[in-house]
Amino acid sequence: MKRMLENFNKAFESRVRLGIMSVLAVNTSMDFISLRETLEVTDGNLASHLRALEEAGYISMEKSFINRKPNTKYNITEEGMDSFRRHIKALEDLINKQ
Amino acid sequence: MNQPDQHLEDIKVIKKIMEESSRFLSLSGLSGIIAGLLALAGAVVANLIISGTPGAEEWYSRPFADEATGTRTILLLLTDMAVVLVLSLAAAVIFSSRKARQTGRSAWTPVTRRMLTSLLLPLITGGLFTLMTLSRVPANVTVASTLIFYGLAVISAGKFTFGEIHWLGVLEVVTGLICLLLPRWSVFIWAFGFGIIHIGYGLFMHLRYKG
Chain H
1 MKRMLENFNK
11 AFESRVRLGI
21 MSVLAVNTSM
31 DFISLRETLE
41 VTDGNLASHL
51 RALEEAGYIS
61 MEKSFINRKP
71 NTKYNITEEG
81 MDSFRRHIKA
91 LEDLINKQ
Chain G
99 MNQPDQHLED
109 IKVIKKIMEE
119 SSRFLSLSGL
129 SGIIAGLLAL
139 AGAVVANLII
149 SGTPGAEEWY
159 SRPFADEATG
169 TRTILLLLTD
179 MAVVLVLSLA
189 AAVIFSSRKA
199 RQTGRSAWTP
209 VTRRMLTSLL
219 LPLITGGLFT
229 LMTLSRVPAN
239 VTVASTLIFY
249 GLAVISAGKF
259 TFGEIHWLGV
269 LEVVTGLICL
279 LLPRWSVFIW
289 AFGFGIIHIG
299 YGLFMHLRYK
309 G
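Sequence order for the protein chains is H and G. So the first sequence is numbered by the working numbering: it starts at 1 and just counts up by one. So the second sequence is numbered by the working numbering: it starts at 99 and just counts up by one.
FYI, nobody ran anything at the bench for these hints, they're computed from the structure. Be aware that a few hints might be false.
[As the list claims (entries may be wrong)] Computed from the model, here is a short list of chain H residues facing chain G with C-beta under 10 Å:
| id | residue |
| --- | --- |
| 1 | 21 |
| 2 | 31 |
| 3 | 35 |
| 4 | 38 |
| 5 | 44 |
| 6 | 88 |
| 7 | 91 |
| 8 | 94 |
The structure presented is a predicted model; accordingly, all values stated were derived computationally and were not measured. Even glycine gets a Cβ: it sits at the ideal position worked out from N, Cα and C.
With the hints as extra help, turn the sequences into a complete structure.
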């Protein structure tokens with residue numbers, strides 16, 4: 001059990017974080033508003049989870065201006081993709097073990 | 099909820115979000131069938147308009163907007179095409195919104211906008227190309243270009259919806275190229291491309307994805 005939990009990533013325990021990683025794993029990049037619409041969460045909730053994932057090095061952020069309005073785009077990092085893959089594998093292993 | 103149940107639920111959530119965030123899943127098969135039927139009706143009307151003009155047998159070798167064709171015929175043909183286009187688009191919007199409502203999804207999402215952008219860029223380019231060359235190229239080239247640009251637009255939008263849509267685009271492009279090779283059959287090939295292929299695809303998608 002201990003070996004299997006090795007890949008089970010604590011950073012992805014929250015559903016919102018799982019959602020963010022799922023979206024960014026299949027979309028090349030997505031801005032804050034699109035993420036909020038896709039995941040149907042509040043601004044503050046999304047921002048705090050995005051910050052946590054960014055600090056963990058799993059996603060990267062790119063700020064720019066479109067028509068003088070700030071626009072923040074998020075991408076999954078290589079490290080994030082690897083960890084997310086391992087996390088899904090760990091989930092599947094845990095389910096199959098039953 | 100105990101632990102294993104939660105893991106299973108996690109996997110389900112991941113799969114659902116991955117699918118719904120990257121693909122427009124509310125595309126309705128019924129709207130494909132309607133677009134196909136409208137195209138067939140439009141082709142019949144176009145054939146009636148053309149056969150009533152002098153030199154109808156050779157119409158495909160002359161430009162659409164030719165002095166010999168006459169302004170009235172050109173306007174009738176353009177109106178016919180515009181009616182088919184507008185009604186088909188309306189059907190797509192109405193039936194796709196309905197499918198979204200029925201499946202409890204929202205139809206207007208970031209991926210919908212991405213899909214429309216990749217559809218409309220080649221489609222508008224094609225529309226402008228067709229209109230700008232209307233008086234300069236033989237009519238069969240105009241007919242072929244509508245099929246080819248539409249096919250390219252569908253291939254481009256296909257990345258953001260069901261995988262089968264990619265092959266619809268490829269079929270339309272191939273049909274357009276064949277139209278260049280067989281100018282005499284332009285109206286029939288156009289009717290096949292926009293009519294028969296759409297009806298076939300619409301039926302297939304409707305049965306496969308229920309809606």
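Now for the hints, and whether the structure bears them out:
no., hint, result
1, 21, "holds, 8 Å"
2, 31, "holds, 8 Å"
3, 35, "holds, 8 Å"
4, 38, "holds, 5 Å"
5, 44, "violated, 20 Å"
6, 88, "holds, 7 Å"
7, 91, "holds, 5 Å"
8, 94, "holds, 5 Å"
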